[in-house]
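Participant: If you want the building blocks of each chain, they are given just below.
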Amino acid sequence: MNNLKKFLGILWIVLALFTAYFSIFELALPKISTGHQEDLVFGIIILCILTPIISIGLGLFGYYSLLGEYDQNKM
Amino acid sequence: MNENNTKSIWKVIGASSMGTLIEWYDFFIFGSLSIVISTKFFPAENPTAAFLSTLATFAAGFVVRPFGALFFGRLGDIIGRKYTFMVTLMLMGGATFLIGCIPSYESIGFWAPLLVLILRLLQGLALGGEYGGAATYVAEHAPLGQRGYWTSWIQTTATFGLFISLVVILLTKGFLSESQFDSWGWRVPFLLSLVMVYVSYLIRKKMKESPEFSKAKAEGKTSTNPLKESFGNRYNLKFVLLALFGAAMGQGVVWYTGQFYSMSFMKTVMHLQSDQADTILGIALLLGTPFFVVFGWLSDKIGRKWIMLGGMLLAVLTYRPIYESMYQLSNAEQKVKVNETTEVPSGTQTTEIISTTKTQYEDQTEVTRTSMIHQSGKLKGQPMTKTTVHLAGKNYMLLVLLIFIQVIYITMVYGPIAAFLVELFPVKIRYTSMSLPYHVGNGIFGGLLPAVSTYLTTNAEASNTPQFYLAGLWYPIIIAMVCFIIGSIYINNKSTPATHE
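Protein sequence lines, in the order shown, are assigned to chains A and B.
Read in order, the letters of the first sequence are residues 1 to 75 in our numbering.
Read in order, the letters of the second sequence are residues 1001 to 1501 in our numbering.
These are computed hints drawn from the structure, not numbers from a lab.
Hints are supplied without guarantee of correctness; some may be wrong.
Label pairs and their in silico Cβ distance ranges [claimed, not checked]: (1) Leu11(A) with Asn1492(B): 12 to 22 Å; (2) Thr1385(B) with Phe18(A): 24 to 34 Å; (3) Tyr21(A) with Lys1206(B): 52 to 62 Å; (4) Gly1014(B) with Tyr21(A): 14 to 24 Å; (5) Ser1488(B) with Ile53(A): 31 to 41 Å.
Here the structure is a predicted model, which means the values were calculated and not measured.
Note that beta-carbon positions come from the ideal geometry of N, C-alpha and C, so glycine has one too.
With the hints as constraints, model all of the structure from the sequences given.
Facilitator: Here it is in structure tokens:
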């Protein structure tokens, strides 16, 4: 189980990077650039709130996982 | 536990729950009245923009919750649980009352939405501090091995707060005419808050500080810098992250899908009459609420982990079939028509009604289609049709059941989570550490669900996607799935981390 947790740590880091890319370049920036009020609000929420929390938080979770911080003997 | 202890903990539960219930009530009436608020406080030329502005304000109320968790969590870990959640109660009550006093956009222009936004932010801050304090306070009074059961009473307050908000709104609407409610009646639920908060304040004032915190304080074991110890310490931070990504994130989206997305879906996709949708949700919430206690109690017996994760997995697997069934209940294309009548009523101020057609179907469903011409704004001269569906008989019962199933998922993920979070962190930084993941999970992942799902649905509809009405569900399904995987692999089914014992 400890090895699985470490392996999944890589997956969480990759997922964090993918989420950051997708949130910024596919969702937030295209929405902000349309100029419509409703798109602007949505884009800003994605860019400034959801993206940092998901990407930094999930990335850090993956990093700790990779380091073995969630191994059975450390929980 | 002897009789005196039982009486004492019931007093603690009563006083804590009353205040938390009122805070949730305060928080939810804004959301429940968002449509009428959008017409009063935001420019009415573009109804969609006005509604989205309200949603944005709604989101602002949720987004600041984690900041409230940090600010009041820190205070609670330094000066105590009791005084902190007294402050949050007063802050919430004051902000809610004042929202009910703000003149409309027509009277004071730009100041109206600005003041609403500021007060909404204060509500978010107060809620961010309240829940963690109440859950911690009750858990620290509860005997070991029974925390799930006792904290589950606090867990009922969020759902019951929504229920009370719906009942107060329905009663106010019932006592007033439509024009009275639209003119000033919508302010009543906000103004009522002041009375409820005052009563709750009097009850809470008599309570004592939590025994675990008092003991830690007497021994000089409280934290001087809870924020640094909670998030600057890798050992504790890893539990904060685990609590967020392995439990609170999934719980947040399941909770908001069952309670808010379902309501929005009934009103905007199924086109159900607003009062009927509120009533159906209210019945399902009332029937489902006891299950918070059932699952809280069960979590003391078999562990918290698999009950919470079970709720998430069931949600992931069944949301699409549930919402497909809901949609079909109001889908007139699948029904047999038995009667149709058309009337030509008089016009109104902003739209001219051309005709109203009422169609009755074999299964007792009644669909009213009103054809209108816009008389003002950007859409002036454009035709529009407003559809309202009224369900009856078997379809009505089936819809209550479908919403009730979603409420059961909520009780599974939410009933045990307060005890789970409290037990994950040591006393000296508990308030701060448990509040943040809870409010990020609920406030941000859950609170933004209406906005994100509405966006996904609108996009799918614009691109003519078949079953576009299910597109909004991808957000809660994906988040809950990731949370389930993380929770099932990383979380122990043991209540307290070994190093905290």
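Participant: Determine for every hint whether it applies to the structure shown.
Facilitator: Against the structure, the hints come out as follows:
| no. | hint | in the structure |
| --- | --- | --- |
| 1 | Leu11(A) with Asn1492(B): 12 to 22 Å | holds (21 Å) |
| 2 | Thr1385(B) with Phe18(A): 24 to 34 Å | violated (42 Å) |
| 3 | Tyr21(A) with Lys1206(B): 52 to 62 Å | holds (55 Å) |
| 4 | Gly1014(B) with Tyr21(A): 14 to 24 Å | violated (50 Å) |
| 5 | Ser1488(B) with Ile53(A): 31 to 41 Å | violated (22 Å) |
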